[in-house]
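My request is simple: use the sequences and hints to build the entire structure.
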Amino acid sequence: MPLSNRHLLGMKDVPKEDIQLILDTATTFREVLERPIKKVPTLQGKSIVNLFYENSTRTRISFELAEKRLSADSINFSVSGSSVSKGETLKDTVKNIEAMKVDMIVVRHAAAGVPLMLTKISDANVINAGDGIHEHPTQALLDMYSIREKLGKLEGLKVCIVGDVAHSRVALSNIYGLKTMGAKVSVCGPSTMIPRYLDELGVDVIHNIDEAIQENDVLNVLRIQLERKAREYFPSIREYSQYFGIDRNRLEKNGKDILILHPGPINRGVEISSEIADGSSQIILQQVTNGVAVRMAVLYLLGTLN
Amino acid sequence: MKLVLKNVNLLNPDQKLNEKDVDVLIEDGKYKKIGKLTEAELKDAKVLELKGKYLVPGLFDMHVHLREPGREDEETVITGCNAAANGGFTGIACMPNTEPAIDSAEVVTLIKKQSAKHLVDVYPIGAATVERKGEILSPMAELKDAGVVGFSDDGVAIKTASILKRALEYARMFDLPIIEHCEDETLAGGAMNESINSTLLGLPPIPAIAEDLIVMRDILMAEYANAKVHISHISSKKSVQMVRDAKKKGIKVTAEVTPHHFTLTDDAVKTYDPNVKMNPPLRTRADVDEILAGLKDGTIDCIASDHAPHSLEEKEMEFEYAPNGIIGLETQVGLAFTELFQKKILNLEQLIEKLSINPRKILNISIPQVKEGEPVNLTILDPDAIWTVDKTKFKSKSVNTPFDKRLLTGKSVGVINKNQMFIDGKFERI
Numbered sequence: 026m027p028l029s030n031r032h033l034l035g036m037k038d039v040p041k042e043d044i045q046l047i048l049d050t051a052t053t054f055r056e057v058l059e060r061p062i063k064k065v066p067t068l069q070g071k072s073i074v075n076l077f078y079e080n081s082t083r084t085r086i087s088f089e090l091a092e093k094r095l096s097a098d099s100i101n102f103s104v105s106g107s108s109v110s111k112g113e114t115l116k117d118t119v120k121n122i123e124a125m126k127v128d129m130i131v132v133r134h135a136a137a138g139v140p141l142m143l144t145k146i147s148d149a150n151v152i153n154a155g156d157g158i159h160e161h162p163t164q165a166l167l168d169m170y171s172i173r174e175k176l177g178k179l180e181g182l183k184v185c186i187v188g189d190v191a192h193s194r195v196a197l198s199n200i201y202g203l204k205t206m207g208a209k210v211s212v213c214g215p216s217t218m219i220p221r222y223l224d225e226l227g228v229d230v231i232h233n234i235d236e237a238i239q240e241n242d243v244l245n246v247l248r249i250q251l252e253r254k255a256r257e258y259f260p261s262i263r264e265y266s267q268y269f270g271i272d273r274n275r276l277e278k279n280g281k282d283i284l285i286l287h288p289g290p291i292n293r294g295v296e297i298s299s300e301i302a303d304g305s306s307q308i309i310l311q312q313v314t315n316g317v318a319v320r321m322a323v324l325y326l327l328g329t330l331n
Numbered sequence: 002m003k004l005v006l007k008n009v010n011l012l013n014p015d016q017k018l019n020e021k022d023v024d025v026l027i028e029d030g031k032y033k034k035i036g037k038l039t040e041a042e043l044k045d046a047k048v049l050e051l052k053g054k055y056l057v058p059g060l061f062d063m064h065v066h067l068r069e070p071g072r073e074d075e076e077t078v079i080t081g082c083n084a085a086a087n088g089g090f091t092g093i094a095c096m097p098n099t100e101p102a103i104d105s106a107e108v109v110t111l112i113k114k115q116s117a118k119h120l121v122d123v124y125p126i127g128a129a130t131v132e133r134k135g136e137i138l139s140p141m142a143e144l145k146d147a148g149v150v151g152f153s154d155d156g157v158a159i160k161t162a163s164i165l166k167r168a169l170e171y172a173r174m175f176d177l178p179i180i181e182h183c184e185d186e187t188l189a190g191g192a193m194n195e196s197i198n199s200t201l202l203g204l205p206p207i208p209a210i211a212e213d214l215i216v217m218r219d220i221l222m223a224e225y226a227n228a229k230v231h232i233s234h235i236s237s238k239k240s241v242q243m244v245r246d247a248k249k250k251g252i253k254v255t256a257e258v259t260p261h262h263f264t265l266t267d268d269a270v271k272t273y274d275p276n277v278k279m280n281p282p283l284r285t286r287a288d289v290d291e292i293l294a295g296l297k298d299g300t301i302d303c304i305a306s307d308h309a310p311h312s313l314e315e316k317e318m319e320f321e322y323a324p325n326g327i328i329g330l331e332t333q334v335g336l337a338f339t340e341l342f343q344k345k346i347l348n349l350e351q352l353i354e355k356l357s358i359n360p361r362k363i364l365n366i367s368i369p370q371v372k373e374g375e376p377v378n379l380t381i382l383d384p385d386a387i388w389t390v391d392k393t394k395f396k397s398k399s400v401n402t403p404f405d406k407r408l409l410t411g412k413s414v415g416v417i418n419k420n421q422m423f424i425d426g427k428f429e430r431i
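Which chain is which? The protein sequence lines are W and P, in order.
Counting from 26, one number per residue, gives the positions in the first sequence under the numbering used here.
Counting from 2, one number per residue, gives the positions in the second sequence under the numbering used here.
The set of hints was computed from the structure by calculation and includes no laboratory data.
Careful, some of the hints might be misleading.
As the list claims (entries may be wrong) - Chain W side only, calculated, beta carbon under 10 Å to chain P, not exhaustive: (1) G35; (2) L115; (3) K116; (4) P220; (5) Y222.
Bear in mind that the values here come from a model prediction, so they are computed numbers and not experimental data.
The C-beta atom is built at its ideal place from N, Cα and C for all residues, glycine as well.
Right under this line is the structure:
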């Protein structure tokens with residue numbers, strides 16, 4: 026059974042069967058990653074461009090590794106800043122890449138909607154590796170994979186997304202994906218960091234982290250983007266970590282062992298303490314490994330579709 | 002040359018004129034005779050059969066960006082006027098956010114000179130402050146003498162309450178309005194309206210309260226200064242309600258709305274098409290419904306296009322980076338008739354008031370009269386003509402419109418002004 030769409034632009038409208046297929050396929054690739062020789066010939070002869078308009082070492086390396094392990098020819102095309110400052114329009118850049126006969130484009134861009142734009146300019150399969158504060162579907166897939174791996178299921182689980190939801194591309198993708206899979210999703214953070222109207226998505230909004238810990242099976246803790254203007258949305262890092270940060274004391278106080286995910290990179294001591302980040306029961310580094318497997322699954326399923 | 006308009010319906014709410022199937026003889030740019038014409042009068046005349054069409058005072062668009070001087074690659078005075086004539090307008094007011102801004106008599110004179118021989122009358126709006134920076138009042142008296150009909154820092158609101166106060170007080174001496182782009186600058190800078198859609202699309206939001214705050218400020222200040230303020234491109238529900246209440250109190254506030262703000266909602270942004278990016282942004286159904294109510298009850302005085310030409314390259318950018326604005330001169334009449342007349346929000350008289358009479362009243366411009374001996378300044382409208390928008394046929398230099406290929410009902414057949422006629426895509430002297 027193939028995927029129902031030839032692009033992965035976001036988790037919105039991705040049906041349950043597709044998510045299931047990606048996660049199941051990722052399981053087989055996860056096993057490949059444990060082998061001495063971690064390479065399969067599945068995408069031999071396919072060329073993939075990693076078009077990164079925004080610095081993201083982790084996501085790019087994860088995709089690049091996934092591509093290499095599938096034996097695809099991958100090219101990195103990194104542009105810092107927007108197409109505007111570069112002088113060439115995005116459209117021209119993509120048309121140029123297209124003329125080199127590429128099969129797939131993995132795109133990361135600071136502006137929302139760019140992956141959709143690419144599908145209108147190019148015939149390649151487009152994978153969204155993060156667009157503005159819109160979506161980051163492979164992150165949501167690897168989060169779901171990690172939860173499923175640890176807790177055995179997604180359906181019926183209660184998952185809370187914690188932190189700067191308003192400026193997160195991870196949050197929206199997680200909300201869509203988890204809800205499709207039958208999980209109950211809530212968000213927890215300072216009210217200035219929760220977008221208005223989010224409740225219209227059927228998501229509970231709370232502002233008390235202790236309540237979030239008590240009520241949920243999983244916390245997906247977002248990174249506070251200290252380098253961005255997120256800083257204007259709360260009084261101080263100290264206050265944030267006191268009221269929304271997660272450390273051992275807080276978990277013990279609530280008498281609860283809870284699965285904690287973090288998309289990285291972590292601000293240690295801000296949204297999550299070092300103890301928790303490094304704790305053996307936590308899966309933050311496993312998420313990184315799973316990320317490669319999930320991206321292999323997405324690339325494989327889309328790359329063998331045509 | 003003699004021109005006869007045959008069997009045309011005359012409609013001018015300003016004269017309480019509403020007559021069916023009349024013949025009109027035009028000679029030397031003036032109404033020579035209105036009524037039954039003799040054989041002698043018809044002799045050698047060019048005759049246009051206009052059964053079912055309406056002769057109305059030439060339409061007027063009080064919010065146009067001509068881009069000259071500064072961005073002549075996007076629009077010039079002449080191409081903008083051509084677009085206006087093609088869209089059914091015989092007069093336009095052009096906004097001062099050119100480069101340099103219209104903050105000196107020289108720039109006013111340049112624009113007047115460029116448009117002097119054109120069919121379309123061009124009335125510049127002067128900047129309210131020097132370089133539209135919101136710091137020093139522009140030379141309003143000098144600008145008025147050069148021919149401006151209002152003052153605005155359009156693109157932004159007048160920066161501070163103190164300079165707004167002085168601008169209103171000073172402009173009151175000339176009985177000219179301050180025309181405001183209402184947006185709180187500290188809440189500005191987003192890419193679309195704040196709603197569930199901005200969250201779902203991941204686009205930085207502009208909340209409606211950014212508009213409402215300045216509308217409130219401006220109404221209070223207009224009341225305080227006993228001066229005229231005109232709210233440009235009103236787009237939010239609360240702003241419409243505030244203008245309605247202010248008018249009841251007798252405050253000198255007027256308002257305009259663009260066709261895109263009464264036709265589209267922010268659902269249109271789901272395509273990420275930069276041609277639906279404008280400021281103020283497209284808002285929600287509730288806002289559009291209040292706008293329609295405001296048009297109906299007279300809260301909103303007029304319809305204006307906010308015609309904002311942008312080059313193709315600029316409008317092909319990423320949505321967040323693309324500039325705001327769309328062109329509108331050539332789709333305005335069609336959209337107004339389709340969305341307001343055909344859907345019975347406004348009757349024909351009300352529509353002509355909002356497209357021709359009220360904008361002139363706001364700017365103190367005399368209203369063309371349909372009367373023997375008067376100079377001819379008219380638009381011929383066909384409310385039932387069904388047509389498809391084709392941006393390749395636009396006279397504007399730019400094509401940034403979200404309405405290409407849209408089916409519309411109602412259009413301009415032609416216009417006459419200053420001894421010239423524009424009909425069937427061509428200008429001719431009459």
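Status of the hints after comparison with the structure:
1. G35: holds, 9 Å
2. L115: holds, 6 Å
3. K116: holds, 5 Å
4. P220: holds, 4 Å
5. Y222: Where the cut-off is 10 Å and the nearest Cβ of chain P is about 4 Å from W/Y222, the hint holds.
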